[in-house]
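Number of protein chains: 2
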Amino acid sequence: MEPGPPGGSRPAERGPCLSSPLGADQAASASLLSTAGAEPGRRPLAVAAVLPAGGCGERMGVPTPKQFCPILERPLISYTLQALESVCWIKDIVVAVTGENIEAMNGIIQKYQHKRISVVEAGVTRHRSIFNGLKALAEDQPNSKLCKPEVVIIHDAVRPFVEEDVLLKVVIATKEHGCSDYDLEFGTECLQLALKYCHTKAKLVEGSPDLWKVTYKRDLYAAESIIKERISQEICVVMDSKEGEEHIGHLLEEVLKSELNHVKVTSGALCHAGGDLQQIILEQCYNFVCVNVMTSDFQETQKLLSILEESNLSILYPVVVVSVHFFDVKLVPLSQKMENLMWIRGFAKEVRKRNILLYGLLICYPQDEQKLQESLRQAAVIIAALIKERNSGLVGQLLVA
Amino acid sequence: MEPGPPGGSRPAERGPCLSSPLGADQAASASLLSTAGAEPGRRPLAVAAVLPAGGCGERMGVPTPKQFCPILERPLISYTLQALESVCWIKDIVVAVTGENIEAMNGIIQKYQHKRISVVEAGVTRHRSIFNGLKALAEDQPNSKLCKPEVVIIHDAVRPFVEEDVLLKVVIATKEHGCSDYDLEFGTECLQLALKYCHTKAKLVEGSPDLWKVTYKRDLYAAESIIKERISQEICVVMDSKEGEEHIGHLLEEVLKSELNHVKVTSGALCHAGGDLQQIILEQCYNFVCVNVMTSDFQETQKLLSILEESNLSILYPVVVVSVHFFDVKLVPLSQKMENLMWIRGFAKEVRKRNILLYGLLICYPQDEQKLQESLRQAAVIIAALIKERNSGLVGQLLVA
Numbered sequence: 001m002e003p004g005p006p007g008g009s010r011p012a013e014r015g016p017c018l019s020s021p022l023g024a025d026q027a028a029s030a031s032l033l034s035t036a037g038a039e040p041g042r043r044p045l046a047v048a049a050v051l052p053a054g055g056c057g058e059r060m061g062v063p064t065p066k067q068f069c070p071i072l073e074r075p076l077i078s079y080t081l082q083a084l085e086s087v088c089w090i091k092d093i094v095v096a097v098t099g100e101n102i103e104a105m106n107g108i109i110q111k112y113q114h115k116r117i118s119v120v121e122a123g124v125t126r127h128r129s130i131f132n133g134l135k136a137l138a139e140d141q142p143n144s145k146l147c148k149p150e151v152v153i154i155h156d157a158v159r160p161f162v163e164e165d166v167l168l169k170v171v172i173a174t175k176e177h178g179c180s181d182y183d184l185e186f187g188t189e190c191l192q193l194a195l196k197y198c199h200t201k202a203k204l205v206e207g208s209p210d211l212w213k214v215t216y217k218r219d220l221y222a223a224e225s226i227i228k229e230r231i232s233q234e235i236c237v238v239m240d241s242k243e244g245e246e247h248i249g250h251l252l253e254e255v256l257k258s259e260l261n262h263v264k265v266t267s268g269a270l271c272h273a274g275g276d277l278q279q280i281i282l283e284q285c286y287n288f289v290c291v292n293v294m295t296s297d298f299q300e301t302q303k304l305l306s307i308l309e310e311s312n313l314s315i316l317y318p319v320v321v322v323s324v325h326f327f328d329v330k331l332v333p334l335s336q337k338m339e340n341l342m343w344i345r346g347f348a349k350e351v352r353k354r355n356i357l358l359y360g361l362l363i364c365y366p367q368d369e370q371k372l373q374e375s376l377r378q379a380a381v382i383i384a385a386l387i388k389e390r391n392s393g394l395v396g397q398l399l400v401a
Numbered sequence: 001m002e003p004g005p006p007g008g009s010r011p012a013e014r015g016p017c018l019s020s021p022l023g024a025d026q027a028a029s030a031s032l033l034s035t036a037g038a039e040p041g042r043r044p045l046a047v048a049a050v051l052p053a054g055g056c057g058e059r060m061g062v063p064t065p066k067q068f069c070p071i072l073e074r075p076l077i078s079y080t081l082q083a084l085e086s087v088c089w090i091k092d093i094v095v096a097v098t099g100e101n102i103e104a105m106n107g108i109i110q111k112y113q114h115k116r117i118s119v120v121e122a123g124v125t126r127h128r129s130i131f132n133g134l135k136a137l138a139e140d141q142p143n144s145k146l147c148k149p150e151v152v153i154i155h156d157a158v159r160p161f162v163e164e165d166v167l168l169k170v171v172i173a174t175k176e177h178g179c180s181d182y183d184l185e186f187g188t189e190c191l192q193l194a195l196k197y198c199h200t201k202a203k204l205v206e207g208s209p210d211l212w213k214v215t216y217k218r219d220l221y222a223a224e225s226i227i228k229e230r231i232s233q234e235i236c237v238v239m240d241s242k243e244g245e246e247h248i249g250h251l252l253e254e255v256l257k258s259e260l261n262h263v264k265v266t267s268g269a270l271c272h273a274g275g276d277l278q279q280i281i282l283e284q285c286y287n288f289v290c291v292n293v294m295t296s297d298f299q300e301t302q303k304l305l306s307i308l309e310e311s312n313l314s315i316l317y318p319v320v321v322v323s324v325h326f327f328d329v330k331l332v333p334l335s336q337k338m339e340n341l342m343w344i345r346g347f348a349k350e351v352r353k354r355n356i357l358l359y360g361l362l363i364c365y366p367q368d369e370q371k372l373q374e375s376l377r378q379a380a381v382i383i384a385a386l387i388k389e390r391n392s393g394l395v396g397q398l399l400v401a
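Protein chains in written order, with my numbering: chain W, 1 to 401; chain L, 1 to 401.
To be clear, the hints were calculated from the coordinates, so they are not data collected in a lab. Note that the structure is predicted; figures quoted are calculated from it, not measured. Accuracy of the hints is not assured; some may be wrong.
As the list claims (entries may be wrong) - With a straight-line cut-off of 27 Å between C-alpha atoms, the simulated DSS-like cross-links for lysine-lysine are:
{"no.": "1", "chain 1": "L", "residue 1": "K388", "chain 2": "W", "residue 2": "K388"}
{"no.": "2", "chain 1": "L", "residue 1": "K388", "chain 2": "W", "residue 2": "K213"}
{"no.": "3", "chain 1": "L", "residue 1": "K353", "chain 2": "W", "residue 2": "K349"}
{"no.": "4", "chain 1": "L", "residue 1": "K228", "chain 2": "W", "residue 2": "K213"}
{"no.": "5", "chain 1": "L", "residue 1": "K213", "chain 2": "W", "residue 2": "K388"}
{"no.": "6", "chain 1": "L", "residue 1": "K349", "chain 2": "W", "residue 2": "K330"}
{"no.": "7", "chain 1": "L", "residue 1": "K91", "chain 2": "L", "residue 2": "K115"}
{"no.": "8", "chain 1": "L", "residue 1": "K371", "chain 2": "L", "residue 2": "K388"}
{"no.": "9", "chain 1": "W", "residue 1": "K371", "chain 2": "L", "residue 2": "K388"}
{"no.": "10", "chain 1": "W", "residue 1": "K353", "chain 2": "L", "residue 2": "K371"}
{"no.": "11", "chain 1": "L", "residue 1": "K257", "chain 2": "L", "residue 2": "K371"}
{"no.": "12", "chain 1": "L", "residue 1": "K353", "chain 2": "W", "residue 2": "K388"}
As the list claims (entries may be wrong) - To be clear about the criterion: a stretch of chain W counts as covered by chain L if any three or more of its residues have a C-beta under 8 Å from a C-beta of chain L, and this derived list gives those stretches:
{"no.": "13", "region": "307 to 315"}
{"no.": "14", "region": "331 to 338"}
{"no.": "15", "region": "389 to 396"}
Think of the CB as a built atom: it goes at the ideal place given N, C-alpha and C, for glycine as much as any other residue.
The shape of chain W in the complex, shown without the other chains:
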């Protein structure tokens, strides 16, 4: 099974606590960490996380420290925070950044609506930064709203693809081994330090290849491609109504299913106040193909855009909307059809500000069944290209299949 978008969703937006499917053993262990699952009379284990993020990223070869480098226009550290905050049993997350970056960090937390995050000033070394983070979690801090945790996870700010199961393994190993903190890095000096200063034998917990550290510029490229791939796993074909199997939207849906066989294709109806769509949005689909049935109208696209804007879906990732319009060259010349649809340019500019990427797609609808299939296949290729690249430079363009 393909993993969901990096970091999963925010628990507040979804029912269950777990952001990604865990095995039965892991689910049982995880229940010890949440209030609901804890045995009666037993307090759940208090877990917090500290993210040292004071580095300057000199190996990256770019002036911005790597934790602040943008991926799809959002700073890398926001993806890591998203991954940690999606784990509901991590009560507090403390980020240590250099003094000059505190304001920027607070801006990031606000813009991307991160929750349960505190910012502290980093030290001159990674270990000093961790120390400052731990200090903020200690009980004796004046004005601190943070609870003293029993386990603290130390996690690199530049490992955005950490999954709940690895974090869970770390916490369980901590309980068994009794160390005060664990490090997810492999082969760093941390295990040695734990032995030397804490007289504690640290345990190495196996991670996944996805846990790799963004170090070089090529890692940023890889991270961007991984994120793009993950948010392109599902396409929702939106129609005014799902009734009528002969609906042109269903024909397009079928072709998308057969042509893009690595992608899940669903459909949603705009009727009933978009209740269908609400569920799809909750399940974090970031790609919509909106079928407009009237020749020179765009009512459906307008409705969909309103629903998306209200949902806040595009806060974390750019959402692709392809506004599809059919035309029959025998009835209306293509040029006239295009002229009618030029409104899309202004619209695209407007919704771009809210991280929605709107493109227009005109699909030729000939009477000939074979030619129609050819048009729909061409449309599928164009839709796949738009979704894969998520290119903001091409928004508002009217493409022809």
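Assemble chain L onto chain W, guided by the hints.
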């Protein structure tokens, strides 16, 4: 300075032997390796390379062995071969692939016109494959056209970004240390093996971060992004004639220069049988913006496409051609203009077969100076997007700035 396209050019296509700029010391050392630079009466050092490529790429998580995974539709191993064959003092390159892949490997060599390559069957281990490669280079092989080399470079097939200077360091170190072969991998078992079996103290030669090994799927993503970035460093604005500073092409050129400040923007004229362009093609520019001056014509684009097709430039990388057309809404309605330009769809389909990605771009040309600048800036954004993504799904589309 940004490096050129990975692997540099083929020496046969360019005058100098060196594919990338070397320091003075390195250039002096390199001269010892080429016939031209060797001291009178002294034979240049005979150097060959062996590429073990028999792996199955199980860590990649894809069914294709990683050396055959496509990047911009070309197999990874072809990039590595290109890098090695661009170094003129490597006389022979021997690739070891499993029996079932020999035919495919020969197909790759033919399709991408690789030179000086021999294919042998891989062994069951990496070391056996290297042994088979070395055997092919030994003098006593019947029917072998290969010369026995004095130094053999062993290079992983999945390290496509190797540069001449690193290879040179390896050869020089070999001369000084007298080992029989060197390995570019860091920290592998090879240094130990050299010590154990050859009683030779191998020397570790420092590489660059670019020398990294494609291991996981994310490395393929990174490699693709690096290659795309490297071939997007230069844009040539092509006009019918370079005379006349008021030429609209020059205005576009100026805006491209100011908007895309990380890209080198040059211009070339189609007159004089495209002599200008021949030089630009030789210097490996993979991006062309062709300005058509007649309202509904595409003579300039047709000329450029002919020149590109004859040049073989697109054998190794997809070449982007943006066919630019200006229109004044007061004179001709946009819809009519678009209708006139629909020929581009068929054309794009045709040249796509030869790895040329053709897109159309209509630029609004208002009388108002400020609005014109706005149009040109919008055009620059679209051109940058097309060149960056090199998306074959969108060829033949007519975009509007």
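A quick look at each hint next to the structure:
1. K388(L) with K388(W): Roughly 13 Å separates the two Cα atoms, so the pair holds.
2. K388(L) with K213(W): 25 Å, holds
3. K353(L) with K349(W): Violated, at about 34 Å.
4. K228(L) with K213(W): Between K228(L) and K213(W) the Cα gap is close to 23 Å, so the pair holds against 27 Å.
5. K213(L) with K388(W): Given that 27 Å is the threshold and the Cα spacing comes to 25 Å, the pair holds.
6. K349(L) with K330(W): 24 Å, holds
7. K91(L) with K115(L): 10 Å, holds
8. K371(L) with K388(L): 26 Å, holds
9. K371(W) with K388(L): Judged against 27 Å, a Cα distance of about 32 Å means the pair is violated.
10. K353(W) with K371(L): The given pair, whose Cα atoms are some 22 Å apart, holds under the 27 Å limit.
11. K257(L) with K371(L): 18 Å, holds
12. K353(L) with K388(W): 22 Å, holds
13. 307 to 315: violated (count 0)
14. 331 to 338: Contact hint for the region 331 to 338 of chain W vs chain L: holds, 5 residues under 8 Å.
15. 389 to 396: Result for this restraint: holds, n = 5.
In this structure, the earlier hints numbered 3, 9, 13 are contradicted, and the remaining ones agree with it.
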